[in-house]
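Asks: If you want the building blocks of each chain, they are given just below.
There are 2 protein chains.
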Amino acid sequence: MSKILVIGSVALDSITTPSGCTKEILGGSATYFSIGASFFTAVNLVATVGTDFPAEHKSLIKSFGVDISGLETKQGKTFRWAGSYVDDLNCAKTIDTQLNVFAEFKPNIPESYRDSDFIFLANIDPDLQLYILKNLKGDKVVGCDSMNYWIQTKGEALKKLMKNVSFVFLNDSEARLFSGESNIIKAGKFLLSLGPKFAIIKRGEYGAILFTEDRVLLLTPAFLLEDVSDPTGAGDTFAGGFMGYLAKTGKIDTDSVRKALLYGSVMASFTVEDSSVNRFKKLKKEDIETRYRKFRELTMA
Amino acid sequence: MSKILVIGSVALDSITTPSGCTKEILGGSATYFSIGASFFTAVNLVATVGTDFPAEHKSLIKSFGVDISGLETKQGKTFRWAGSYVDDLNCAKTIDTQLNVFAEFKPNIPESYRDSDFIFLANIDPDLQLYILKNLKGDKVVGCDSMNYWIQTKGEALKKLMKNVSFVFLNDSEARLFSGESNIIKAGKFLLSLGPKFAIIKRGEYGAILFTEDRVLLLTPAFLLEDVSDPTGAGDTFAGGFMGYLAKTGKIDTDSVRKALLYGSVMASFTVEDSSVNRFKKLKKEDIETRYRKFRELTMA
Chain L
1026 MSKILVIGSV
1036 ALDSITTPSG
1046 CTKEILGGSA
1056 TYFSIGASFF
1066 TAVNLVATVG
1076 TDFPAEHKSL
1086 IKSFGVDISG
1096 LETKQGKTFR
1106 WAGSYVDDLN
1116 CAKTIDTQLN
1126 VFAEFKPNIP
1136 ESYRDSDFIF
1146 LANIDPDLQL
1156 YILKNLKGDK
1166 VVGCDSMNYW
1176 IQTKGEALKK
1186 LMKNVSFVFL
1196 NDSEARLFSG
1206 ESNIIKAGKF
1216 LLSLGPKFAI
1226 IKRGEYGAIL
1236 FTEDRVLLLT
1246 PAFLLEDVSD
1256 PTGAGDTFAG
1266 GFMGYLAKTG
1276 KIDTDSVRKA
1286 LLYGSVMASF
1296 TVEDSSVNRF
1306 KKLKKEDIET
1316 RYRKFRELTM
1326 A
Chain U
1026 MSKILVIGSV
1036 ALDSITTPSG
1046 CTKEILGGSA
1056 TYFSIGASFF
1066 TAVNLVATVG
1076 TDFPAEHKSL
1086 IKSFGVDISG
1096 LETKQGKTFR
1106 WAGSYVDDLN
1116 CAKTIDTQLN
1126 VFAEFKPNIP
1136 ESYRDSDFIF
1146 LANIDPDLQL
1156 YILKNLKGDK
1166 VVGCDSMNYW
1176 IQTKGEALKK
1186 LMKNVSFVFL
1196 NDSEARLFSG
1206 ESNIIKAGKF
1216 LLSLGPKFAI
1226 IKRGEYGAIL
1236 FTEDRVLLLT
1246 PAFLLEDVSD
1256 PTGAGDTFAG
1266 GFMGYLAKTG
1276 KIDTDSVRKA
1286 LLYGSVMASF
1296 TVEDSSVNRF
1306 KKLKKEDIET
1316 RYRKFRELTM
1326 A
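Respectively, the protein sequence lines represent chains L and U.
When the letters of the first sequence are read in order and numbered with this note's numbering, they come out as residues 1026 to 1326.
When the letters of the second sequence are read in order and numbered with this note's numbering, they come out as residues 1026 to 1326.
Chain L extracted, bound-state conformation (with noise of 0.2 Å):
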């Protein structure tokens, strides 16, 4: 069993979706990767958050066993997001962003994290990225994150990333920008050409496609919800549990991976259960191993 570790965001994030409003409610992609992941393996968490962050938040994460000695507090207020899914439950609008301590973030690795062998570098700066990757020793299994902002402004860092991970996850409409290409299997060469072992497209309620060497290896639907609650969290979530699965498991290869991208998947689904991580309060391992075999039967020919 490897330890993760996670850098990227803690925020409050104030949501609206068809069902209601939610207002500055625990959220950021460190948070879900950290808590999807804490169910496979231990973590270690990387983020900052300001002077104004509430204490029952920081019991919450730690609660779930992840190692928040990294979680630095900065003089000043927490990143903060507001979105709404009222047009569309799979994709969110962006109404509000304010930075606040997250635009100072400069990550500093505590030295008990060092033996994490398993690095989840989530959506942040990439020239930040690549800073954390410089400064870590050892052979490390590197996944991340991005978004179409750091795709659209800091394109050459992120190709330069690309050469120095074995997972990539991106979203389907990020693959497109990124690549060019309309074409989702084209979008995923080309994201493997840059260098990542793995190429991971996220499509939300529609699910998730894996490429590795120059093809395409797995696809998997979305494990398909009759009340979705938020879905923010479901793309760190589904991460977290990937790598969390192969932390746990310490192996990369194939049969892992699809099993990986099932638990992935498993994970996401909790999450957009309920508001923030809400749900994962009162999950337990057998319910992931419980709708892990489910989602296989509902898969498999």
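Don't read these hints as lab results, they were simulated from the structure.
Hints may be right or wrong, so weigh each one.
Simulated pairs of lysine-lysine, DSS-like, Cα-Cα distance not exceeding 30 Å [what the hints assert, rightly or not]:
#, chain 1, residue 1, chain 2, residue 2
1, L, Lys-1211, U, Lys-1276
2, L, Lys-1319, U, Lys-1276
3, L, Lys-1028, U, Lys-1319
4, U, Lys-1319, L, Lys-1214
Covered stretches of chain L (in silico footprint by chain U; criterion: 3 or more residues with CB under 8 Å from a CB of chain U, positions within the stretch not fixed) [as the list claims (entries may be wrong)]:
#, region
5, 1203 to 1210
6, 1222 to 1235
Even glycine gets a Cβ: it sits at the ideal position worked out from N, Cα and C.
We have chain L already, so just place chain U on it with the hints.
Replies: Here is chain U on its own, set in the frame of chain L:
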């Protein structure tokens, strides 16, 4: 092995895709369905064309072993459809529809077709679909398709039809419109509540969902292709492969229906590789088996 009877349209299509235009090529729901199904079992076709319908198109349909003695030629012009996929390969925009002789279509089922145990009512007026069912004797396995126009204008007839079919095939926007539900699981349950034993919701490049007995039975992604030439007819060859495989096995159990879903996806994937039914001219049964195995490999965890 059971025979399939299909009642639908045989048309001349003019289609614009990102890669170019085609003019008055062979199309129509019954054409695509029957050719898709012909690789699995004997197919009897009922449709109508005008006196302008090219003899070589008749020969082509016949060359797949499809019985076209139910293809009537009426004084007048053949049904013409013009569509475009320039904005979105997943969604046809209708540019022009000229019903011509199809406007007066009154299906006559030849005596020699009466031993067909499987029936596919392709997308035509629901009142005609009901009329056909009323005139068929004996126990039949019936599948049907429809479209937004009939849902909006003949919703009650369509609901009545649902009571009399085992399989309904709709795409996701049609299922959402018919059910008034935006959630696809709820839409599928609505379809089942109307009577069919199985509801299949087609999602283009995102695959298909099979619903049965008030629960999701199977989710499948589409067999993705790097180069999509023309998506026209994918849905009808999907249904052709699906119903064709079932008619061939003669069984309607869970295992057969699951396999049928994959065979439907495989046949649809061939359709989009070329314009009209051109891809099928050189298709061999072993090509289908090869792609079926590949598809299972790609989708199984």
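Asks: In ascending order, which of the hints set out earlier in this document are inconsistent with the structure?
Replies: 1, 3
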